[in-house]
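Number of protein chains: 2
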Amino acid sequence: MDLRALKAPIVQAPLAGGASTPQLTAAVASAGGFGFLAAGYKTAEAVAGDIRELRALSDAPFGVNVFAPPATNVDPAAVAAYAASLATDARHYGTHTGEPRHDDDHFADKLELMVAERPAVVSFTFGCPEALVVTRLHEAGCDVWVTITSPDESELAAAAGADALVVQGLEAGGHRGGFSDPPQYEEFGLLSLLRLVAQCVPVRLVASGGIGDGAAVAAVLAAGADAAQVGTALMLSPEAGTPLAYREALKQERATSLTRAFSGRRARGIVNRFMVEHDAGAPVAYPDVHYVTTPIRAAAREAGDAEAINLWAGQTHTLAVEKPAAEIVRRLTEDARASVAEAAERLGDSRS
Amino acid sequence: MDLRALKAPIVQAPLAGGASTPQLTAAVASAGGFGFLAAGYKTAEAVAGDIRELRALSDAPFGVNVFAPPATNVDPAAVAAYAASLATDARHYGTHTGEPRHDDDHFADKLELMVAERPAVVSFTFGCPEALVVTRLHEAGCDVWVTITSPDESELAAAAGADALVVQGLEAGGHRGGFSDPPQYEEFGLLSLLRLVAQCVPVRLVASGGIGDGAAVAAVLAAGADAAQVGTALMLSPEAGTPLAYREALKQERATSLTRAFSGRRARGIVNRFMVEHDAGAPVAYPDVHYVTTPIRAAAREAGDAEAINLWAGQTHTLAVEKPAAEIVRRLTEDARASVAEAAERLGDSRS
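Chains P and L, in that order, are what the protein sequence lines are.
Numbering of the first sequence is given in my numbering, commencing with residue 1 and proceeding in unit increments.
Numbering of the second sequence is given in my numbering, commencing with residue 353 and proceeding in unit increments.
Since the hints were made in silico from the structure, they are not lab data.
Treat the numbers as computed from the prediction; the structure is a model and nothing was measured.
Heads up, the beta-carbon is just placed ideally off N, CA and C, and yes, glycines get one too.
Keep in mind that the hints are not guaranteed to be accurate.
Sample of chain P residues at the chain L side, in silico, Cβ under 10 Å [stated by the list, open to error]: (1) Met1; (2) Leu170; (3) Glu171; (4) Glu187; (5) Leu191; (6) Ser192; (7) Leu193; (8) Arg195; (9) Gly212; (10) Leu221; (11) His278; (12) Gly281; (13) Arg346.
Take these sequences, add in the hints, and give me the full structure.
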C-alpha cells in the first residue's frame, strides 16, 4: 500500500469501541483516503463480519487495527478496590460493575483472520508485534503499521519490520497507543515527535493527534508525514457510530484530559463527571478496568447521559463538522492545499 | 512591526536567565529574523545597558520580553520547607540556599524603560498586561505581544489589545508562559493550540514550542502562524550565552520534563539529578523558589556540573546545531521552503 499514492493524504483512525463502522471506512476510501476497521473489543468472527460488509460496500484497499497483547502486571486487589468505588455509579444507572478480566482481545484468532483475509494494512496499537508476526503478515501480502509515541518506540518498530509508523502525539483522542503504561519516556507533542522520529527511522510516517482541519493536515505533511490520521474529525459524520449524547459533547467547548478511569490505560477524552470523580482512584490495569466499567458505560449510553460515557476526543474536537465523511476527507485535502499555498507565499521565493 | 514582512519568518525566543545576549539578538536580525532581549531577572538599568549595546551592534528593530507580575498566593512555610530540603545540595556545591523573595521583577521600572526606549515590540510572559498598559505602549509606538497557552488566554489577550500572540505549546523549553500556575485548562500541544487559537482571535500568531528545524517552521506556517519562535535551536550558537556544561547536555539524547524544582513555576528542562530529587517537593511559589535555588544553580554552573543547572530545553533539543545564529536562521528558512514544496508536491494539483 503506497501511502504517497493516496489521492487524499488522509487515514481514518480505527476508532475502536463504537464509532468504527464499515460505512465510515468505505466513505473515507471513496474520497481517496484510506480507511480502517477496528478489531479491538470484538471477536475475530465479528471482525470477519465487518470485513465482509466492507467488501460488499467498497473494493478499495483498507486496513484493520489490532490491539497488541497488554502487559500482565495487574494488581487484582487494586482493580477490586476500584470496582467497589464505582458502586454508587452502577446503582445510579441501574446496573452493576462488570467482572474484571485480563485478556489479549483474541490476538491469536485475529492474527489468523488477518492472514486469511489479507487486508492491505494491519496496524497495531498498544505494542510492537514480534518480528515473526510481521514476517507472517508480510508473507500474506499485508503491510504492517505500528503506533508509536516516542523516538525509542519508532526504532523498535522499524527494527521489527514495520512498513509505516502511526506517530501519535499527546493531542490524540482515545488511548495512548504506545508500548507501555505508564510510559517509559516523556510525552511528546505531535510536531516535535514527528521531527524526532523522522531523524530516527526511514519508514513512512502517518501523523496522528489533534488533526482537526486542513491546515493541520498541511502542517503534518510539511513536517514530514506521508499522511494525516484523523479520528475525532470524522466522528460527527453520519457514517460514524458515535452515540447522540457523545456527538453533542464533541460540539461543546469542553476540556479534554488523559485518564485511566474508564479502561485502566490512559486515554484522552472530554472531561465529564465520571472522569472527575474516578480519575485519581483508577489503577494501571488494562483491559481489566475496561471490563469493570463496561456495564456502566453501556447504561449511560442507553440513557443518553454523556457524564459516564468514555467521550474519547482529541484536543481540537470543537473543529469537527457534521458532514458526510467523504466530504470531510475532500475538504481536509482541499484546505490543506490552500494552507500549503499560503505558507509558500509567506516564505517567498528562495531567490529573493 | 509587520511580522509578515520579515524576510525570515523566525523570531528569536527571549531566553531569560543567561542565554540571551545582544549579540544573539543582532545576529538573528542580520539574517532577516526578529530578535528579542530578555528583561527577566535583570534590573531596568541592566536592560537599558543591553538595549544600548544592541543598538551599537544593529539598527534593526527588536523586541524586549518582560515578565508580567506573578500571582501572590505563595505559602512561605512551603517555601521554607523546600529550602530546607535543599541543604545537602547547597553543601555539596559549597554554598547555601538563597533567601526567598516575592517580587515583580521590577515591572513598573521596566514599563517606564520601554516607554522611554520604544523597542518595536514589547512581549509579555506569565500574564496579560492590563489594557491601560497596552495603550501606553501603543502610544509609545511599541507593538504588544502576549504569550498564551490556551484558547481562553488568547481571547483575554486579544481583548486587552495585543497585536500578536506567542502561542506556546507544551513542547516548549523553559517556563510555561501562560497566565497561571497551576494552569486553569488542559495543556495543549502546539499544533492543536495554533488551530484552536486561529479560530478564536484575528491577531497575528507566533508559534512557539519544540520548533527545531526548517520542517517544523514550515509546519507552523502551514498551520496559520505568521512566524516561528525558536529558542533551543539557537542555544548552541556562539552568540548565545549558554554555559558549556549546558551545551553538552543539549546535545545528548536526554528526556525533558516539566518541573517546579528550580523556580517554583513549571518549566521544561532536561531531566537531571536536581530535578529528579526535588521535583516532587517543589511548591507553587514563583519567583520565591527561583531565589532559593539561585546560589546552588550558580555554583553548579561555576563547577561545570550540569546536574544542578536548570537545563531549560524544548522537546527537540537534539536537533540544535552548533552554527552561527545568522546561519541557523537562514537554514531554518531555506529548509522550510523545501518542506513546503514537498508538501505541495504530496498534495498534488487541486485540479487532479
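**Q.** Contradicted hints - numbers only
**A.** Hints 1, 11, 12 not satisfied by this model.
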